Each structure stands twice: as C-alpha cells, then as structure tokens.
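Peer 1: The listed protein sequences derive, respectively, from chains A and B. Just so we're aligned, residue 1 is where the first sequence starts under this note's numbering, counting upward by one. Just so we're aligned, residue 1 is where the second sequence starts under this note's numbering, counting upward by one.
Don't take each hint at face value.
What the hints assert, rightly or not - Pair by pair, the computed Cβ-Cβ distance ranges are: (1) Y46(A) - V34(B): 55 to 65 Å; (2) D108(A) - Q171(B): 36 to 46 Å; (3) F32(B) - T69(A): 26 to 36 Å; (4) L8(B) - D286(A): 40 to 50 Å; (5) T182(A) - H174(B): 30 to 40 Å; (6) E162(A) - R23(B): 22 to 32 Å.
I should point out that these hints are in silico values taken from the structure, not numbers from a laboratory. Computed from a prediction, not measured in an experiment: that's the story for all the values here. All residues carry an ideal CB built from backbone N, CA and C; glycine is no exception.
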Amino acid sequence: MTGEKTNLAVGASEPTAFLLLGVFKLREKKGMDLAIKCKGITKFFYETNSGGKSKGGFLPWSGRNSKLTAVDSLNLEVNRGEIFGIVGPNGSGKSTLVRLISTLLLPDRGQIEVFGLDVVKQKSQVRKLINRVSVDAAFFKKLSCWENLSYAARLYGVPIKEAKRRATEILQRFGFQEGKITQPMENLSRGMQQMVAIARAFFTSPVLLLLDEPTTGLDPKSKREVQEFILRVRESHDSTVLLTTHDMDEAEKICDRVAIIDRGRIVALDTPKNLKFMVKGESLEDVFMELTGKSWEED
Amino acid sequence: MSPLASELKACYGFVERNFNLVRRYLGWEIVFLVYNIVNALTIGFIGVTQGKEKVLYLVVGAMLWGFLSILFHEVSESVSWERWEGTIEYTFMAPVHRFTHLGGMCIYAIIYGIIRTVVLLLAVALFFNLSLQNANFPAALIILVVSSLSFIGLGLMAAILPLMSPEKGSQATHIFQAVLLLISGVYYEISVLPKWIRPLSAISPATYTLRAMRAALLEGKPLGQMKGTLLVLLVVGLMLIPLGLLVFHLAEIYAKRRGKLKRSG
Ligand SMILES: Nc1ncnc2c1ncn2[C@@H]1O[C@H](COP(=O)(O)OP(=O)(O)OP(=O)(O)O)[C@@H](O)[C@H]1O
Ligand SMILES: [Mg+2]
C-alpha cells in the first residue's frame with residue numbers, strides 16, 4: 001500500500017498525464033493479480049450439545065449451547081495463477097474457509113474478495129468465476145453421470161455439445177471407462193465419482209478453482225492423473241487453484257505456496273521449500289507435525 | 001449468451017433434472033400414482049351409496065387436493081430433497097439467480113402436477129360414470145390457475161423450513177400439509193368441523209378453491225357469480241408468491257450465517 005502511494009507521488013511530481021496513467025494501470029493490474037484476498041475473516045458456528053436428543057435447534061434462538069470459532073481472524077492473499085495449498089488437522093477450518101470463499105457461508109467478520117469482487121455483496125459475479133470440488137462428491141445418486149454433468153452445464157451456461165466434448169476429454173485423461181458415463185452415479189466407485197466431480201468443475205472453465213481434498217479416496221494412479229491435470233490446467237487456462245489436502249507429498253509436489261492452518265488460524269505460510277527450511281525438516285510432514293499437533297493442555 | 005437466455009437455460013435445467021429424477025425413481029412414482037388412484041377411487045365409492053352428485057363431489061375433492069398438494073409438496077421439498085441427495089451446496093453456489101432456481105422448481109411442479117392429475121382423471125373416469133354435462137370447464141380452469149398461485153406461494157414459504165432446521169423443517173412441512181387437508185373441506189363441508197377450528201378453514205386458500213371448483217363443475221356456475229372468491233384467491237396468490245420469495249431469500253441468508261446449507265446438520 002505504502003509502495004503504491006510513493007509510486008503515485010513520484011508520478012505526480014512529473015506532471016505528465018501519460019506517466020500517471022501508467023501508474024494507475026499498474027495499480028489496477030496489481031489489484032487484479034490477487035485471486036483471493038481475505039481480510040480478518042472470522043466464522044463462528046453454534047453447536048448444540050444435546051447429546052443425541054433432538055432438543056432445540058428449530059428456532060433460531062434455541063439450542064445455542066456453545067460457540068465455536070471455525071475460522072479465526074484469518075488473512076490470506078492468493079495470487080493469480082497460483083496453486084495454493086491449505087493443510088491442517090481435521091476440523092482446523094479448511095472446508096469452512098473454502099465455503100466462505102465459494103459464497104456458501106457468510107463471514108461473521110472480515111471481508112473476502114475474489115478478483116477484487118466482494119463475495120458477499122457481489123456474489124452473483126463471483127459465482128461465475130469459481131467452481132468447487134468438495135470432499136464428498138455431490139451428485140444426484142440415481143441420475144447418470146452424464147445427466148449430472150448436463151445439469152451442471154445448464155447451470156453454468158455451457159452448451160450441451162461443448163460440455164459433452166470437454167467432459168469426455170477430461171474423463172478419458174483420467175482413464176475413466178467410457179461406458180460408465182451412462183451409469184447411475186451410485187454404481188460408480190468413490191474414486192470414479194470424484195473424477196466426475198473434478199471433470200464437472202473443470203469443464204465450466206472457472207478462473208478460480210476451489211478444490212477441497214480433491215484426491216482423497218483416489219488410487220495412486222488416478223491421484224497422479226488429477227495432480228498432473230491440475231498443473232496442466234494452470235498452464236493452459238490461466239486458472240488459480242486453492243487446494244486443501246491431507247497429503248503432504250501432494251502439497252509439496254504441486255503447490256507454489258502452502259498455508260498451514262490450525263484452529264482457524266494460519267500458523268505458517270510459505271513455499272514448501274521455505275517451510276521445510278524454517279523447521280529444519282526433511283518433508284512437509286515434519287513441518288506439519290512441528291507446527292500443529294499441540295496437545296489440549298497447552299491451549 | 002445474454003443474461004436472460006442463460007437464466008432461461010438454467011431454469012430449463014432444473015425442469016429437465018427433475019424429470020430425469022422422476023424417470024430414475026420410476027418405481028416410486030408408480031407407487032405414489034397407484035396409491036393416489038386407489039385413494040381417489042375408495043373415496044369415490046364411499047359416495048356411490050349416497051348418490052351420483054356425491055361421487056362427483058368427492059372425486060373433485062380428491063383430484064383437486066391431489067393437484068394442489070403436489071404443487072405444495074414439490075416446491076416445499078425442493079430444498080430438503082437436495083440436502084438428502086447431497087447436492088444442495090452445488091446448486092446454491094451455481095451462478096443462477098435464486099428466482100430462476102425456484103421458478104424452475106415451480107414450473108416443474110405445475111407440469112408434473114398436471115400429468116399426475118390427468119392420469120388420475122382417466123382412472124377415475126374408468127370406474128365412475130361422472131355426469132359433467134352441467135360443468136363449466138373454462139371456469140374450472142381459471143380457478144385452477146388462480147389457486148395454483150397461492151399454493152406455490154405456500155410451498156415457497158414452507159421450503160424455507162428445511163433451510164432453517166434440516167431435520168425438523170421437513171417434518172413441519174408435512175404436518176402443515178396434513179392440517180390443510182383437515183381444515184379445507186376437501187371431502188366434506190367445513191360446516192361439519194368443530195366451531196373452534198373453523199377460523200382456520202377461513203384462512204386456507206384451499207377452502208376457497210374447493211368451493212369455487214365444485215360450484216363450477218357440479219352446478220355449472222358462471223364465473224361472474226364467483227368473482228368474490230376468485231378475487232380472494234388471486235389477491236392471496238399474488239401476495240404469497242413475492243412473500244414466499246422474500247422469506248426464502250431471508251432464510252438463505254440465515255442458513256449461510258449458521259452453516260445450515262451443509263448436507264447434514
Ligand atoms: N455447518 C457447520 N455447522 C456447525 N459446525 C461446523 C459446520 N461446519 C464446520 N463446523 C465446525 O467447524 C470446525 C471446522 O470444520 P471444517 O469442516 O472447516 O474443518 P476441516 O479443516 O475441513 O476438517 P477436515 O480436515 O476434517 O475436512 C469443526 O469443528 C466443525 O465441527
Ligand atoms: Mg474439510
């Protein structure tokens with residue numbers, strides 16, 4: 001921010017409109033170069049501790065037993081074109097963060113921008129730019145793979161023919177058996193469902209892809225296919241990828257930068273190399289163990 | 001693609017998806033249809049002992065209630081269904097206006113309701129010799145259209161319950177539907193109901209729909225004589241739909257604040 005100000009001041013002292021214009025252009029471009037910007041994001045959830053008995057919960061004010069901070073004053077900037085990894089223990093707030101960015105949750109505090117657009121105030125515009133793959137493949141179980149994909153194509157305004165072409169192309173790359181495309185989703189294995197979910201996200205050509213554990217449940221070969229595919233999409237489509245994973249090797253292999261998140265806060269953020277250097281560890285797993293995994297007593 | 005064209009395509013996407021679902025759950029569709037038909041027939045046969053007039057009276061009740069409850073049910077269950085399937089988040093983050101989404105659900109409900117009702121009508125016509133010489137069909141059609149509005153509005157309002165409370169919301173919707181059946185005079189005049197319950201009948205749009213429909217089909221009353229009832233239905237419908245959309249919008253915000261869009265809890 002201060003850097004930009006001095007830039008502008010220098011520009012003003014040389015009173016040529018041309019230079020000023022250049023500076024403004026530069027600033028504009030700088031703004032555009034951020035795919036995601038989270039400023040002080042906090043998200044609370046209210047847990048009902050009813051111990052199985054369905055007590056309260058129907059009325060907004062009932063059953064507000066305990067407050068949980070899933071994401072805690074989190075700041076994050078992801079650059080355009082980056083593959084950005086988020087790792088952290090179970091329940092550390094990774095999926096919550098992804099949901100906040102994908103307009104499925106409203107933050108209690110703070111602001112999120114996707115390519116300069118506010119995810120709360122400009123949600124319709126943001127939705128056109130993003131797509132998300134969730135851990136659980138979200139499909140109509142009885143509908144065929146293709147029926148699910150064509151539903152997605154209609155929602156995202158992809159012409160059906162084009163959708164079919166792109167989806168087949170992507171699925172073929174994953175080694176997906178062609179005959180399966182007319183099978184009901186429930187007949188596909190979990191890994192296959194996940195491939196379809198990934199194809200569904202990719203064929204809408206989003207500029208920002210939110211991948212919440214995209215390779216969980218895939219066999220090593222499919223996993224590698226997906227990882228390579230993510231890398232290739234970044235090269236060819238000017239996409240930005242935000243990826244959460246529990247696979248440290250994966251994070252190390254494909255992410256430009258990795259944030260380690262614990263209890264809703266970022267505890268470290270850097271390139272995999274620098275992170276390892278920081279804790280003098282051999283692998284990202286060492287970094288993970290060093291920085292998270294605090295026991296309850298230390299809290 | 002222009003914004004309107006893409007919204008229309010998306011709207012069609014919802015209708016197409018739902019008919020695909022009908023096809024894939026065909027077994028259940030047949031079960032519901034058979035149950036529906038048998039239900040209408042048994043009720044019709046109760047009337048047989050009481051004269052021709054009564055059969056028509058009861059059958060009209062069964063068919064109209066069938067249609068209206070399909071509208072209400074399909075619209076109100078749209079959220080809980082997607083939660084059950086696990087697609088709720090996918091649908092809610094799609095770049096589609098909520099109005100388009102709900103519009104698609106309503107259009108589907110109307111088409112589906114008409115198909116089911118026509119099948120029911122054919123089955124009923126096979127079993128009973130319904131005398132419809134007096135019937136004023138154009139009037140009946142107008143009544144149907146006008147009353148559909150209020151049932152869609154009610155459906156939209158009920159659809160928010162599963163957004164606010166994943167489990168209990170859907171339960172509440174079913175109870176609401178059952179109460180409507182009790183109070184609206186589907187198979188009997190509301191005058192037989194206990195006095196204390198009758199004020200409820202007066203606020204149910206189904207009460208007016210049934211009354212007007214019977215007047216049109218059984219007595220062949222001209223529309224002119226039903227102006228008052230139609231006006232009530234129209235005003236209620238025109239109020240309930242925007243109100244339903246508004247309430248849905250607010251419930252969606254609430255759901256996103258509280259994390260209720262998730263598949264479970
Ligand atoms: N919709 C919700 N309602 C209530 N609590 C929630 C909701 N979503 C998440 N939580 C809670 O917020 C915390 C963070 O959950 P989140 O799903 O973001 O974790 P995560 O890092 O994705 O975990 P995992 O690695 O297991 O996927 C958890 O304690 C979870 O129980
Ligand atoms: Mg998660």
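Peer 1: The structure should be examined with respect to each hint, and the outcome stated for every one.
Peer 2: These are the hints, each one checked on the structure:
no.: 1; hint: Y46(A) - V34(B): 55 to 65 Å; verdict: violated, 44 Å
no.: 2; hint: D108(A) - Q171(B): 36 to 46 Å; verdict: violated, 29 Å
no.: 3; hint: F32(B) - T69(A): 26 to 36 Å; verdict: violated, 46 Å
no.: 4; hint: L8(B) - D286(A): 40 to 50 Å; verdict: violated, 55 Å
no.: 5; hint: T182(A) - H174(B): 30 to 40 Å; verdict: holds, 35 Å
no.: 6; hint: E162(A) - R23(B): 22 to 32 Å; verdict: holds, 24 Å
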